[in-house]
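Participant: Sequence:
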Amino acid sequence: GIMHKADMNYYPSQIEIDAIKDTDPTVRAKAITAYVYDSFHTPAEEDFAKREGIMFVGGFAHPPNKDGLLWFVNEIWPAVYEATGANFYVVGSRADEEVQAVHDPDKGIIFKGFVSDDELRQLYEHCRVAAVPLRYGAGVKGKVIESMYWGVPLVTTSIGAEGIQDAETVMKIKDSSGEWIRELTELYNDTDRCRQMSDKAAEYVREHNSIEAAWKIVGEDFE
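Counting in my numbering, the sequence shown runs from 1468 upward without gaps.
Some clues are possibly wrong.
As the list claims (entries may be wrong) - Below, simulated EDC-like cross-link-like pairs (lysine to aspartate or glutamate); rule was C-alpha separation at most 20 Å, straight line:
id, residue 1, residue 2
1, 1667, 1657
2, 1667, 1679
3, 1497, 1485
4, 1667, 1592
5, 1574, 1585
6, 1667, 1653
7, 1497, 1679
8, 1574, 1613
9, 1639, 1542
10, 1683, 1633
11, 1533, 1592
12, 1574, 1549
13, 1472, 1629
14, 1639, 1629
15, 1517, 1629
16, 1533, 1563
17, 1639, 1519
18, 1533, 1688
19, 1667, 1635
As the list claims (entries may be wrong) - Beta-carbon label-pair distances, calculated as ranges:
id, residue 1, residue 2, range
20, 1583, 1472, 25 to 35 Å
21, 1690, 1571, 55 to 65 Å
22, 1585, 1609, 17 to 27 Å
23, 1486, 1514, 24 to 34 Å
24, 1494, 1646, 31 to 41 Å
25, 1546, 1667, 20 to 30 Å
Everything labelled a hint here was simulated from the structure, so no lab data went into it.
Small disclaimer: the values here were computed from a predicted structure and weren't measured.
Cβ atoms here follow ideal geometry from the backbone N, Cα and C, with glycine treated the same way.
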């Protein structure tokens, strides 16, 4: 009833719009970007051969982040570490003892916990690849858009890519541990492909997550 009273209903992804239309096609609704930037980032280190490490970012009060991290550490990371020798940096606040226990420098796992905005920026500019191994959750994931904003090549799951238009053109989407091991290993060891993915991700954010892009969608409803 509230939707029908509104002139327009906005949702942060087309998946949600499709669900609404399946329920009631007469509802006026549009998908708008959930993340908008007024300035854009140029990577400080464009030579990905000089970058090091794989990073995960997520607040651990949110259960999907803990689940995804533990799945990654237990089923994916050992094989990736053996093949790459990379460090895995884990960033996020409110970690319980189980999450903190993943810290194991001898296996390349560096638990950072909560970091400042400046340190997070430095990690995005230092690491070669970002991993978003979410197995459940809903909506557009901020950590995915943020990784693209910083131009970090990304491997995620179908859940991690949910709601992002043409996601497969700017990130690698894999759902099984075996697929993750192969994709993450190959990508990490191919710095030229990392550079190409970085450029595509940054271009995607400029096109879809700018103020101008958002206004193209909502502007006609206010003019």
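Participant: Against each hint, give a clear statement of whether it holds in the structure.
Facilitator: A quick look at each hint next to the structure:
1. 1667 x 1657: 16 Å, holds
2. 1667 x 1679: Judged against 20 Å, a Cα distance of about 19 Å means the pair holds.
3. 1497 x 1485: 10 Å, holds
4. 1667 x 1592: Holds: residue 1667 and residue 1592 sit about 16 Å apart, inside 20 Å.
5. 1574 x 1585: 26 Å, violated
6. 1667 x 1653: 18 Å, holds
7. 1497 x 1679: 16 Å, holds
8. 1574 x 1613: 27 Å, violated
9. 1639 x 1542: 18 Å, holds
10. 1683 x 1633: 18 Å, holds
11. 1533 x 1592: 24 Å, violated
12. 1574 x 1549: 9 Å, holds
13. 1472 x 1629: 29 Å, violated
14. 1639 x 1629: Between residue 1639 and residue 1629 the Cα gap is close to 13 Å, so the pair holds against 20 Å.
15. 1517 x 1629: 31 Å, violated
16. 1533 x 1563: 9 Å, holds
17. 1639 x 1519: Judged against 20 Å, a Cα distance of about 19 Å means the pair holds.
18. 1533 x 1688: Violated: residue 1533 and residue 1688 sit about 40 Å apart, past 20 Å.
19. 1667 x 1635: 11 Å, holds
20. 1583 x 1472: 25 to 35 Å: About 44 Å separates the Cβ atoms of residue 1583 and residue 1472, which means 25 to 35 Å is violated.
21. 1690 x 1571: 55 to 65 Å: Hint holds: Cβ distance 56 Å, inside 55 to 65 Å.
22. 1585 x 1609: 17 to 27 Å: 18 Å, holds
23. 1486 x 1514: 24 to 34 Å: 43 Å, violated
24. 1494 x 1646: 31 to 41 Å: 37 Å, holds
25. 1546 x 1667: 20 to 30 Å: Holds: the Cβ-Cβ distance is about 27 Å, inside 20 to 30 Å.
Checked against the numbered hints above, the structure violates hints 5, 8, 11, 13, 15, 18, 20, 23; every other hint is satisfied.
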